[in-house]
Amino acid sequence: AQSVTQLGSHVSVSEGALVLLRCNYSSSVPPYLFWYVQYPNQGLQLLLKYTTGATLVKGINGFEAEFKKSETSFHLTKPSAHMSDAAEYFCALGATGTASKLTFGTGTRLQVTL
Amino acid sequence: DAMVIQNPRYQVTQFGKPVTLSCSQTLNHNVMYWYQQKSSQAPKLLFHYYDKDFNNEADTPDNFQSRRPNTSFCFLDIRSPGLGDAAMYLCATSTGGGRQETQYFGPGTRLLVL
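The listed protein sequences correspond, in order, to chains A and B.
The working numbering runs 191 ahead of the 1-based position in the first sequence.
The working numbering runs 52 ahead of the 1-based position in the second sequence.
Honestly, the hints are just simulated from the structure, not real lab data.
This structure is a prediction, so every number in the text was calculated from the model and none was measured.
Take the hints with a grain of salt, since some may be wrong.
[Said to hold, decoys possible] Over the 12 Å line for every Cβ pair with chain A, so calculated as not near, a few chain B residues:
(1) V71
(2) T72
(3) A94
(4) H100
(5) E109
(6) N115
(7) F116
(8) F127
(9) L135
(10) D137
(11) E153
(12) F157
(13) G160
[Said to hold, decoys possible] Here are the simulated lysine to aspartate or glutamate pairs, DMTMM-like style, with alpha carbons at most 25 Å apart:
(14) A:K249 - B:D114
(15) B:K69 - B:D53
(16) B:K96 - B:D114
(17) B:K90 - A:E279
(18) A:K240 - B:D53
(19) B:K90 - A:E257
(20) B:K90 - B:D53
(21) A:K260 - A:E206
(22) B:K69 - B:D137
(23) B:K96 - A:D276
(24) B:K96 - A:E279
(25) B:K104 - B:D114
(26) A:K259 - A:E279
(27) A:K249 - A:D276
[Unchecked claim] Going by beta-carbon spacing under 8 Å, a handful of chain B positions derived as facing chain A:
(28) S91
(29) P95
(30) L98
(31) F99
(32) G136
(33) A139
(34) L142
(35) G150
(36) Q155
(37) R162
We treat Cβ as the ideally placed atom computed from N, Cα and C, and that holds for glycine.
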């Protein structure tokens, strides 16, 4: 069975501080991992994804994530938070089977304060 | 720009009155998905179409139906909306090429049931 766990439903950081959003996964096959961001009353937008190859993945808006197989983790980071980063972030795992389905984590709401 | 479009963005309906939500795509993707997302929760997959093949999730209520008349359009029909069906409904598409494929989301339709 596949699963995604996001530690911390709410994370608050100061503007300019490091952003760290945690994601751990469980998969019986090599994982394909995604981070999506959702702004209020919007759909989900892909930040980045890991398929194969380089374990450090760079995405949009200055975000990056590192795939660590030994730790079954795919944590999302950004060196310096901006007010515009306040949103809901979802980690997801490409599910086995056809049709490119996703297994989502429960999401982390990021708050950025002055 | 290629995209996923959802209309309307906000929909108000009455308890028990059928409602249809619309999704269209210019990406020419094989797969179209419908998700239900309630407040502060991850999106929940209701069903998807792979080309003309309809695939229902096991726990999707019978009250929810879908139609895909052609590659570009997909509709979500709620036959008798209840108060518990108030949510954001997200449409997404993908090529369906496997677990590594990205899903592209529309902006969502927020449904209010009075």
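Hint-by-hint comparison with the structure:
1. V71: Holds, because the least Cβ-Cβ distance between V71 of chain B and chain A comes to about 19 Å, which exceeds 12 Å.
2. T72: holds (19 Å)
3. A94: violated (4 Å)
4. H100: Nearest chain A Cβ is 6 Å from H100 of chain B, so the label is violated.
5. E109: violated (9 Å)
6. N115: Given a closest Cβ separation of 22 Å, the condition holds.
7. F116: holds (17 Å)
8. F127: holds (17 Å)
9. L135: holds (20 Å)
10. D137: holds (18 Å)
11. E153: Given a closest Cβ separation of 4 Å, the condition is violated.
12. F157: violated (4 Å)
13. G160: For G160 of chain B, whose nearest Cβ neighbour in chain A is about 5 Å away, the distance does not exceed 12 Å, so it is violated.
14. A:K249 - B:D114: With a Cα-Cα distance of about 41 Å, the restraint between K249 of chain A and D114 of chain B is violated, given a limit of 25 Å.
15. B:K69 - B:D53: violated (35 Å)
16. B:K96 - B:D114: holds (15 Å)
17. B:K90 - A:E279: Within the cut-off at roughly 13 Å; holds.
18. A:K240 - B:D53: holds (21 Å)
19. B:K90 - A:E257: Cα-Cα ~29 Å, so violated.
20. B:K90 - B:D53: violated (29 Å)
21. A:K260 - A:E206: violated (31 Å)
22. B:K69 - B:D137: holds (12 Å)
23. B:K96 - A:D276: holds (24 Å)
24. B:K96 - A:E279: holds (15 Å)
25. B:K104 - B:D114: Since the Cα atoms of K104 of chain B and D114 of chain B sit roughly 19 Å apart, the hinted pair holds (cutoff 25 Å).
26. A:K259 - A:E279: holds (23 Å)
27. A:K249 - A:D276: holds (16 Å)
28. S91: violated (11 Å)
29. P95: holds (6 Å)
30. L98: Since chain A brings no Cβ nearer than about 12 Å to L98 of chain B, farther than 8 Å, the hint is violated.
31. F99: Not OK, violated: F99 of chain B not within 8 Å of chain A, min 10 Å.
32. G136: Violated. Min distance 20 Å.
33. A139: violated (12 Å)
34. L142: This interface hint holds because 6 Å falls under the 8 Å limit.
35. G150: holds (6 Å)
36. Q155: Because about 6 Å separates Q155 of chain B from the closest Cβ in chain A, which is inside the 8 Å limit, the hint holds.
37. R162: At about 7 Å, which falls below the 8 Å cut-off, the nearest Cβ of chain A leaves the hint on R162 of chain B intact, so it holds.
The structure fails to meet hints 3, 4, 5, 11, 12, 13, 14, 15, 19, 20, 21, 28, 30, 31, 32 and 33 from the earlier list, while all remaining hints are met.
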